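Once you have looked at the hints, place chains B and C on chain A.
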Amino acid sequence: MSDIQSKPVISMAGVTKSFGLNQVLKGVSLDVAKGQVVAIIGPSGSGKTTLLRCINFLEEYDGGSIKIEGIEVGYKDAVGERRRRSDRDLAKLRGDAAMVFQQFNLFPHLTATQNVMLGLVKSRGKSKSEARQIAHRWLNRVGLSDKFDAMPSQLSGGQQQRVGIARAVAMEPKVLLLDEITSSLDPELVGEVLAVVKELAVEGRTMILVTHEMDFAKEVADRVVFTDQGHIMVDAPPATMFNEQPNDRLRAFLSRFGSFRH
Amino acid sequence: MGNYHFNFAIVWRYADKLFNGLLLSIELATLTIAIGMLIGLILALIELDGPRWARPLIRAYVEFVRNVPLLLLVYLIFYGIPSAVDLEYDATTSFVVTLSIYSGAYLVEILRAGLAAVPLGLVEAGKAIGLTPFGVLCYVRFPMALRIALPSLSNTYVSLFKDTSIASAIAVPELAYGMRWIEIQTFRTMEVYLLATPIYLLTSYAILMLLRLVERRYAITR
Amino acid sequence: MTIFLQTLPFLLDGLLTTLLVAGSVVLIAIVLGIPAGCALVFGPFWVKVPLRLYADFVRGVPILVLLYFVYYGLPAVQVNLSSMTAAVVALTAFKTAQIIEITRGAFQSIPTGQTDAAKSIGLGLMDRFVQVLAPQAVRRFLPPFINSLVDTVKGSSLVSLLGIVDLMLSLQQVIGRTHVALPLYLMGALMYFSINFPLSVLSRRLEKRFIY
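Those protein sequence lines, which keep their order, are chains A, B and C.
Just so you know, we're using our numbering here: the first sequence kicks off at 5 and counts up by one.
Just so you know, we're using our numbering here: the second sequence kicks off at 6 and counts up by one.
Just so you know, we're using our numbering here: the third sequence kicks off at 1070 and counts up by one.
Isolated chain A (complex conformation):
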């Protein structure tokens, strides 16, 4: 938990996004400072995953701007006109907003170590031996020191997700994006993954997580953001968000999660 500093790592202003006729993001603005952990909660379809995916340009946003440390994601201002960045530019920038996925998305033909190494070698330009050292270090950190050469099919869901986290964090990203990373896990495996995320938060990493784990959001986040129908409805510290529940729709949403019923 750290103080708000002057230059935000992520600044989003008026972001809009439509899928066909359906406008999913209707003008979202959000700043995230260095070292902050922001949790995004909200009902399905409210746009929270889309928002996350716009930050690393997995989805192309239509209007507004998203900047990582001042650099516009996905587009560059060439003589006042906005043009889509080339694939090579995008690739370099994406490593700065590494993502951990709900479905893990580990590369099934590579070992755990190779999964973590790939981005380091191909995007960060590290040598293979250096990348391997870094990969092993991170796999140790997430508690998988005996699984260096395991294939994803040999790992449990919780283990796979921890590899996914290692893979993302090894890139030393400016911000870590976590997209409902425990939603696909059996309940007994959720704890081990959240423990890793908590450690990373305590270390001071900038993170944005979309989650349904309200208890976890309360424990780890500096700020909680509630989205609904493409807007940010509430942006508050966890205490305010969960205890006072200053919004009717928020109240209705939270009432579905037993422990927060008012």
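Treat the hints as calculated values from the structure; they're not laboratory data.
These numbers were taken from a predicted model, which means no experiment stands behind them.
Wrong hints could be hidden among the right ones.
As the list claims (entries may be wrong) - Derived BS3-like pairs (lysine-lysine); straight-line CA-CA distance at most 30 Å:
1) A:LYS96 <-> A:LYS178
2) C:LYS1117 <-> A:LYS96
3) A:LYS151 <-> C:LYS1277
4) A:LYS71 <-> A:LYS96
As the list claims (entries may be wrong) - Stretches of chain B that chain C covers, calculated by requiring three or more beta carbons in the stretch to come under 8 Å of a beta carbon on chain C:
5) 67–74
6) 81–88
7) 172–186
8) 199–206
Where is the CB? At the ideal position from N, CA and C, for every residue including glycine.
Coordinates of chains B and C only, in the frame set by chain A:
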């Protein structure tokens, strides 16, 4: 292109050969898939619920038919069997028998997969409302299996339609034979093919589209 | 029994021709079809549409009609091909369309999450293709491809109708001479079976092995 003068008029005079040939091809395909499904259904049921000693026999049938060229099967049944056994039949009958046996082998696989994919809960529900095993089969398992297998069945039907062209090798007057016939009579090879090839394409496409409509209404996809 | 031994040399010659035809067709079709399939998946609109049309067109026509067209139809416009060339051209056109389809299926069955994950660790298009997508596509390509080889060998039997002395035609010639139809047809069937069955089995084994 040289000195070739296209002359569609001559070819057009014999268009009825193409038209009748097309009809026959469609009839052959339809008859075959009906018989083939009967064979396939019976064998699939035996393989799923029947005696264990029957399974390798069915396997042998399927593997044999699927790994041997259709043309060879056609000759085998049309020329081979009458030479060894005292049986006589005309080319069309022979071809229907051959193609039915051929399609049966593919349909066993398709129907077996379809039957196996019927959720157990539905079968139990059928029993729970007092249906006999045969009743469950007729009213629950078969209709469901059919709907699940509909896309595969559509593709098989279109394939069979194209396979009817092989019947031309034993002078069955279907579409491909009609094409060759006109070409031999008129020497207008290019025109025949330019006319007739789209017939196959359009018919295949039309059948496929019709079946897609049926699929939309009835098929179940996971 | 002696019939079988006497006729075997002729049949083996035919078999060789069959394998030669099928083999050439497969090789050329791979060289043409795999890049075309990749272009169909990754290429721009003006590349995708003609390839799509080609694949659908060729596969909507029976192979026999294709063979007749190339061998009998083309001479009318001064393109005279020998029976062997015509056969290979027609069969290759068909097989290439098949391979384009298999390649397309191989790439499109890879979950989109793989591309997302590759993008998110900073890999560009070339790296995504080589490091992440192609390895997974190969494993999805091989089982249906090997299965399709069975179709090619079976389809090659149609060249007998063009007068090429493959296994099918040599079988008929031998039967014509000896008048022993059924046993020889069965023997011919066995010979085709002995090539195709191992391929079928291999394809199924590979399919099981490559399930992730």
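Any hints from earlier that this structure breaks? Give me their numbers in increasing order, please.
-> No hint contradicted; all consistent.
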